[in-house]
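Participant: Dock chain B with the ligands against chain A, hints included.
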Amino acid sequence: MSEAVEPLPAETAPVRIDATPLLRIVVPVLLLVGWWAETALHPGGLIPAPSEVGVALWDLAFGGINDDAFSQMLLPDLIASASRVYGAFVLAAAVALPLGMLIGRLRLVREMLEPTLQVLRPVPVTAWLPLSMIMFGIGPKSAFFLVALGSFFPILLNTIFAVRSVEPRLFEAAQMLGVSPARLFPKVVLPASLPGIFTGLRLGLGLAWVVIVVGEMTGVQTGLGAMIMDARQLSRTEIVIAGMAVIGVAGFLSDYAVLMLGRKLLAWSPRHG
Amino acid sequence: MTPPILSAINAGKVYPGGIEALRNANLTIAPGEFVCLIGASGCGKSTLLRMIAGFETVTSGQIVVRGKEVAGPGPDRGMVFQDYGLFPWLTVRKNIAFGPIARGKPKAGAMAVADRFVSMMGLDRFADSYPHQLSGGMKQRVAIGRVLANDARMALMDEPFGALDAMTREHLQEELLTIWRATGLTVVFVTHSLEEAIYLADRVVVMSPGPGRIVAEERIALERPRDVSSPEFNDIRRRLAALLHADHATEAA
Ligand SMILES: Nc1ncnc2c1ncn2[C@@H]1O[C@H](COP(=O)(O)OP(=O)(O)O)[C@@H](O)[C@H]1O
Ligand SMILES: [Mg+2]
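Listed in order, the protein sequences are those of chains A and B.
Taking our numbering, I'd label the letters of the first sequence as residues 319 to 591.
Taking our numbering, I'd label the letters of the second sequence as residues -3 to 249.
One chain only, chain A, in its complex shape (with noise of 0.2 Å):
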């Protein structure tokens, strides 16, 4: 980011400000003061003023306001959902990514598995809720079959994908070094697909977060989605909107740790090092 910035010659700019942060916040601030200047304009419509949403969050998180069923509440709803969320995604992983490498590795189970996967694919998760309702019952189970659900795909594809296109070259090079067949799968195969698998596993923990809300339709108690339903049948608008926020922060910052982990363990690899 900050390369787009020409550092100018030293004596007309003794100092260099770096814009980056500034060029990050721009556009949150200009989202804010439109949505402010909206309510502002209209009091009294539909869409509640940012600081009544920060009155609730406020109250969501420590209480002491509101004194409602969504006081304090925060806290143990991130936390049902996260565990949903990081539960589901490592259930959607254990089966997508051995299932990965064999669709992607033995032709035989690619030509078995692969129409049907190729069908499944499409059909988004918000579909499966009633008949994972009748599978699952109402609640978590169900909450968390869905969830993996929508986790499992990108893990799965991005596994096939990368385990089949490892370069040809390494197969031979490793052979050339006295690799034998049986074992060019852990020595190579493995190795040289983790970007793609890890590409997987982040687009795969990313959309479990896009998920949960729907996750959380299917009658359960706790967790952000079920606050938002909840929050939305009262018509508590400025509820839904800071479980929106939560729910987007919660993402970003989980994303970024992912992220952070990736640049140090494929510090190999030029699109993660």
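Note that these hints are calculated values from the structure, not bench results.
Be careful, since some hints might not be right.
[Stated by the list, open to error] Pairs of lysine-lysine, DSS-like flavour, derived with a Cα cap of 25 Å:
1. 101(B) with 582(A)
2. 101(B) with 90(B)
3. 582(A) with 103(B)
4. 103(B) with 90(B)
Facilitator: The following block gives chain B with the ligands in isolation, referenced to the frame of chain A:
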């Protein structure tokens, strides 16, 4: 006379799909010899080299290495690719240790061997760098180092310096000769530069396309280091160029 390290006997290759890449190639190489294969693009140089390496099957005739018919790739025949083929997830040191580890050498021993070849190839400063951080010349040093570290008897090099700039190429040619002299390695080196072939080789093998075949061999008796501007060097160059081009002429006719 010592038995040859390699003999190709009427070796031929027809690829699936029917392209005849090589016909009746006969070639005998003595241990420690430095042989260059030269010829126009498509004359089967890579095919012959890859059959020796065991990456391609021989569809007629046979290729025998150290008394055994080639049945697949093996660490006795190390390959140096034009595009390097380094493992991008391993540091320079670990790329070089890859072969010894793959063949079951204990880790500590393999690393010690790797360090020796890191030094031999002048890569000490880059031992812990990853391939994407290296220049082309450095990458090719790693590729040569890992073949040497793996106790290869024979180095098969497919236009290894073809993608490098002239300066780097000259440096590496020099280093390759030094290593070759020091180790007694047998080298089969593919190039399309006549000058490179005459500068490096004990023997130059001229190939021609349509279908690929060996058309001539020339022993280079010049003392090393060779002077590319000497009259003797140029005599050989003229003679081989005529051979290469004569063949093009008959191709065109
Ligand atoms: N894997 C392959 N499948 C089919 N044809 C090939 C393959 N590799 C090379 N050829 C063909 O064989 C001929 C010789 O190729 P190659 O050995 O690569 O020549 P060179 O290295 O001398 O340029 C060419 O006509 C080329 O198109
Ligand atoms: Mg070639």
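Participant: Taking the hints in turn, state whether each one holds.
Facilitator: Tested hints:
no.: 1; hint: 101(B) with 582(A); in the structure: violated, 29 Å
no.: 2; hint: 101(B) with 90(B); in the structure: holds, 13 Å
no.: 3; hint: 582(A) with 103(B); in the structure: holds, 24 Å
no.: 4; hint: 103(B) with 90(B); in the structure: holds, 10 Å
Violated hint for the displayed structure: number 1, the only one.
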